Structures are given as structure tokens and as C-alpha cells.
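Number of protein chains: 2
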Amino acid sequence: MKSDIDALMHAKNFDALVVIGDAQHNPPMFYLTGGGHVNNAILVKQYGQEPVLFCNDMEREEAARSGLKVRCFGEFPYDDLLKEANDDPILAGAMRLKNMFTDLGLVHGTVSLYGQTEFGSSFAVFSLLQKIMPELSFIGEPRDTSLFMKAMETKDESEVARIRQMGRITTKVVGQVANFLTDCEVDKDEILLQEDGSQLTIGDVKGKITLWLAESGVENPHGTIFSIGHDAGVPHSTGKPNDLVKLGQTIVFDIFPCEAGGGYHYDFTRTWCLGYAPPAALNLYQQVYAVYQKVMENLDLNAPYKDYQRLTCEMYEVNGHPTPMSHKAPIEGYVHSLGHGVGLNIHERPWSGLTADDDNRLAVGVVATIEPGLYYPDENLGVRLEDTLWVRPDGKFEILAEYPLDLVLPMKKWKK
Amino acid sequence: MKSDIDALMHAKNFDALVVIGDAQHNPPMFYLTGGGHVNNAILVKQYGQEPVLFCNDMEREEAARSGLKVRCFGEFPYDDLLKEANDDPILAGAMRLKNMFTDLGLVHGTVSLYGQTEFGSSFAVFSLLQKIMPELSFIGEPRDTSLFMKAMETKDESEVARIRQMGRITTKVVGQVANFLTDCEVDKDEILLQEDGSQLTIGDVKGKITLWLAESGVENPHGTIFSIGHDAGVPHSTGKPNDLVKLGQTIVFDIFPCEAGGGYHYDFTRTWCLGYAPPAALNLYQQVYAVYQKVMENLDLNAPYKDYQRLTCEMYEVNGHPTPMSHKAPIEGYVHSLGHGVGLNIHERPWSGLTADDDNRLAVGVVATIEPGLYYPDENLGVRLEDTLWVRPDGKFEILAEYPLDLVLPMKKWKK
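Those sequence lines, one after another, are chains A and B.
Our numbering puts the first residue of the first sequence at 908, with every later residue one more than the last.
Our numbering puts the first residue of the second sequence at 908, with every later residue one more than the last.
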């Protein structure tokens, strides 16, 4: 949690954290500022001290809403620095940082860097800054084990409330999609039809999803997976816009919007067969559902997350499916890991992969997905079921937004 | 233009460009790949050669749609590298890059880095890569003068067609907003009313804008400025959600959406007074309009963009307004520069600031805004008029999406 940051800094021997970039769509900056229209800012958090947010003078009021101590770049006039730097903007940028850090008394120790930003110019500025401030050691951490990922791994109740609200909106939109699809007429080739009589495409459905998410006031920056047939069997395929929506095919619908301004996410997947399910689809679904149920029933407080990945692999292996336990990078069968944390990043700690370190546990405050799946693209089959759970202070696991798990969605105007 | 990249590399003495990050919402990567769901990719473009796009194995098909030569990270097995690196992910990442570059024959020379990405981990990896590949020199450029900014400064006809289409959508939505507002009932305090009789807020209007943009299939990642009263006088204020929409106040409406997936933008501003304009608002508007007209009439092919910033300042100074010509960072009067290029970045070259270098010219292929304004927040007044223009091959300047410039929008159900 956010309150762990100083302890994490101490454990990692960091004297300061520096976060750069915008306050929106930039998880570490959003985490500390709460977002808002503050662009190209620089946040400095020294060990044991409150963060200081440096921003453009014009964005001072917006920055102040963070509740942090705010200072303006105007205190360090860039034009003067540029003259001093013989018109070298990289050197001027490094000198400005040096002045800011020195002003804060940050002159020696280890400074760990974070933030979503344009890489090239920042790389040049910080490489030069390292040379002109040799008493500071500028480092970067591997993303998956970084301080922010560790802090964000457990959520406080206000964060959970926001993710839960995103879950409500997500499942409301999923319900709208289900209603829309099952209301459609169907032609003789079992293709769904739009009101104007034309055949319904994946692109049409995605347009509706985008619209309904926007109506609910949330953003969908990573898009939505709504894939049918072959594509349903390829977990990273988002679905081809021109593919037609047809009865009796597995449709993987994975939706992961976030709060407007780049805040908290929800992550949710259902697999649907419209009208009816062919035996092969039903069979695959039942195996995924059995794993989903088994994992849900066995979740234990503080257990290593990857224990459930192992359980999942074992159950699938018994039925002859390739899994990451037996294959290096399987492309059919069970091809991914069981889940991931969800927060300001759509994918964050804890990790459930078999090689994840043991620190990735289902501790109180974790918000994470359970998403077993099975994929056979050559047979035009894919099934995944995913819910996002919160590990509550009482040690119980709670699905943050309940939604039926049914495979078959009966068509209202069609009968076999 | 994109076809200038090799010439620009030659001029800057770059042996290779390396772009990292996602293909979406990452201008240099989008520029070379055309976007799509390709995440955490690495693009290598050597001088005189076609780019090579390295991607996750699962995203190979999506990456192939770029038309570029695609290779998969799986060729450089990460687990083996991690073992070799004694479980140090930063070293393993650097070794993987070394193997990739070596495989391409990129072993000496200057490599310039680009791309929107998580800074800390990339900084660590490339700092280490610099040490293990000392024959390569890894550099970053200042953003405003970088190779991509220079290449993107002029657009080819296919890019202009996409920006024009964004202009059509933008002005269509602006028309929807105007119709919606002027259809409203008005209460005795001159506040607009919603259909349910409640008072209309800025937040309500922004909700409609978001929705109508989504309906048109475009994204709005930077939000919209719709600000009234005091906030209209603060160019960076986006408008407070709870402010009420009232007659007779200047409303600055600045809208700058982009194609879905982080593509080309449009940028457009109108200032409206609903129902009627008080004399002070009308007076300010007329001065801004006079500058707008004067600049439009005087645009010359290949002229330095900043010449028109100077013209604007001179015209405003005559009327006693502070401007950047006479004041360092004015907070009232004319407080910004006249415009900027528009493309994959909402703000890009050419720049019009008085200190911009002379290379920022209105050359054929430039797409840029003209946006004079005047701001008096303490008087609750702000006016800005902005259109996006294209410098055509015949040397003429064309507004890409025409829309009336009127200040006063008459209310259909209200009379003074």
C-alpha cells in the first residue's frame, strides 16, 4: 500500500524516488498525485519526507489538487539555463534537474527513476545529469519487482471501492452486449443481423462496446478483446473487425476499461456461444469451468499465487492439454498464466507464473484475476473465464463484480 | 515526411534509430508501424535499410500488418538469458538487445533512441547496454528538434486525408454541442436547464462531448477544454465539472481528439457566448477575430511561422495587451504562442514561439494551427479562435474543416 513506500525505500536502500511524465495514464505518477491535467511534471520523494511535485506554472492550480507540495518550473528559468548551456537543451534540462534536486537537499545517495515518458530525451538528460551529479546514483528497477509494483500490490479500501465501481460498470456493459446480441435476428447461415438487415461484424460489436463504456464515463485505452472462431483460440488476438458474428462459435469477450484519466482498471472475461454450443465447445468450457471452480474453492489467504497456476496445469495435464508446466511456450492447450494483479496497471503484481518469486502471495489487500482458459485455434475454439477478486481484511476472497458464467446465450428470436 | 528519414539520419550522422514501446499512443512507433495491438516492441531502423520490428511471439500476426519485417523475441529466449545473467532482469534485457543488434549487424556507430515507455527500467537497460556494447553510442535527442519531429513536420497526402477526416468528425461534434446547448431551456438566473429541469453543468456538456466523439469512433485521450467565466481566461484550465452553463459568458471550447488507437489528431477552438455577448466580451472577441483574419490573409508559403506570432503580438500591443513580446510569461492578455503543428502528436513541429529556430516554416505539407487568443481571468473573460490548416502543394493555405466563427449562439427558446 501507499503507506509502505518509506519502508520499501528503506529495504531497497533508496534515498529518493523521482517520477517523471504526465499525471494521467502514468501509474506511479497517478498513484502519488491522483491524476489530473498535469503534464511533463517531475515528482521527487525523498526517504521519510512528503513528495514535492514540480510542474509547469500554468498547471499549478491543477497540480495543487493532488494535495502535495507544489513548486513551479518557473523558479528555475529555462531560458537562462539554456543560455548558460550554450543552447544545448539536454544540458539545460540536466542543469534544471540539478538545481531542483540541490534546492531540495538531494545531493547524494541512490535515486530510483520511474514514469511513463518519451524515452530518448529523458535518457539523454538523465545520462548527463549522472555526470554532473556524480554523488547521486541514478538507477532504474526491473518493472515487475519495482518499488511501485510492490507498493501497489496491496490496495487500501478506497482503492478497492474504485475498482469495485469499475467492476459494476464493466459488468453492466457486458450485460448490454449480451442483450444486444441475443435480440438480433439471424439469417439462414446463422449469422446475426443488424436492424438494417446487414450482417453483424465483430467491428460493429466493438463499436457498441466503446460507446457504452463512454456513456458510462470510463476509458478503454487498451481496447477490448471480442474474438470469434480461430481468433478466440489466440489469447492475444483482439478479434478481426470484419469477422461475422455467428451462432455456435466460441466468442472470447475480455474487457478491461479504466477510470477516465488513466485510473483504476477492472478485468473480466466471459466465453459465449450464441444460440447453442457444439459438443467440442461445451466440452472445453466444462474443463475450464471445473478449473475455475476448483481454484475458487481452494483460494487461501497468503498462499503463493503460483500454487493455483500449478493446480490449473495439473488439472489440464490430466486431460491431455499442453500447459506451461510441460511445454516451454505452448501455443495450444493452456497457454498463459492463471492471473495477475489489477490496479492502475491492467497487469501488475502479484504474478502467478510458475517462475514468479514466492513474494507473489494472495495477501490481504491484493486485487487479482483468476482466468483459466483453453485454446485450440486450429479447431476454431477458445474458452476463458475471468473474474477479479479482492482478498478482504477478514481473509475471504470476494469477486468484485458478480456476473453469470453461462456459455450459451439463448437467442430471443431464433430456435434451432 | 517519412521518406526524409534516411536523409535526416545522414544529416545527423545517425547509424540507427531504435524505437521502443507500444505501437499505439506512441508517435514514432505509430509513424513507422501504423499502430495496432503490438506492445513493448522494439523497432530498429539502420541507415539505408528497411526497419525491423521485434515483437512478442503472440503478437506476430498483428505486427505483420505493419508491412515491416517482423521478428520475434522468442528467437532470443529470455529464460536462457536470465540464467546467464544470474537472474538479473536488467542485464538479461541488455543482453537480449545486444544479441538482437548484433544479429542485425548493428555493432558500431551512433544509435538514437525514441519511444513512449516506462522510463526507469529502460534507463537501466540501455545504460547497461552502453557498457556492454561500447562501440555503439546510444544517444537521445531533445524532443522539439528530434529526427521524428523533423520528419513528421511535413505530411504526405495520405496523412493529410486522415487529419482532414478527423477535422470533419471534430466539427460535426462541435455542431452537435452547439445544437444541444441552443436547444436548452433557460431559468431566471440565465442558467441552461437539462430536460429533467436540473441546471446544466460543464461536466454534463463534457459527458456529451465524450459520448459523441466515441459514437464517431475516435478517441479523446487528452480530454476537452470547455471552460466558462474565470476558467475561460486560463488557457490550460479544462473547465470545472460543477460550473454551471450560463448565458452571456465567454465559453472557450477547445477540442483535440485523435483516431482510435492513438493516430492523427485535429485541433479546433471556438469561443461562444450563449444568448448574448456583454460589450466587454464582444470587444475582446473582435480584437481576436481581427488578428485571426489578418494572419489568415497574410500567410505566405515558406514564411517563418514565428513571423505571425510577432504580427499577433504587435497587433495586441497596440491595443495595450501584455504579450510574450513585452513580458516574460504574461498571465493575462495574450499568453501563449500562435500555433503548433498537428499530427500524431497534438503539439508538434513547426513551432511558432518567438524563440523558435528559423527552420520552423510554413512549408508545403505542414499541418498547423492558427489560434490567437486574449485572456482576462479576473474579468471572467477569455477568447480563442483556432483552426487547423494545411499548406498545400500549390502553396495555398487550406483550413481542413471549415466551421462558423460566430461568438454569439442564439438560444432557440429564450429571448432577452
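Hints may contain errors.
One copy or any two copies: either way a pair holds, since identical chains are not told apart in the list.
Dumping the calculated BS3-like pairs for lysine-lysine here, alpha-carbon to alpha-carbon at most 27 Å [said to hold, decoys possible]:
id, residue 1, residue 2
1, 1057, 990
2, 919, 1038
3, 1115, 1057
4, 1201, 1319
5, 1235, 1095
6, 1235, 1005
7, 1005, 1115
8, 1322, 1303
9, 1147, 976
10, 1235, 976
11, 1320, 1005
Simulated from the structure, these hints should not be mistaken for laboratory data.
In this text the structure is predicted, and so the values were computed from the model without any measurement.
When the structure is checked against the list of hints, which entries are broken? Sort them ascending.
Those not satisfied are hints 3, 4, 5, 7, 8 and 11.
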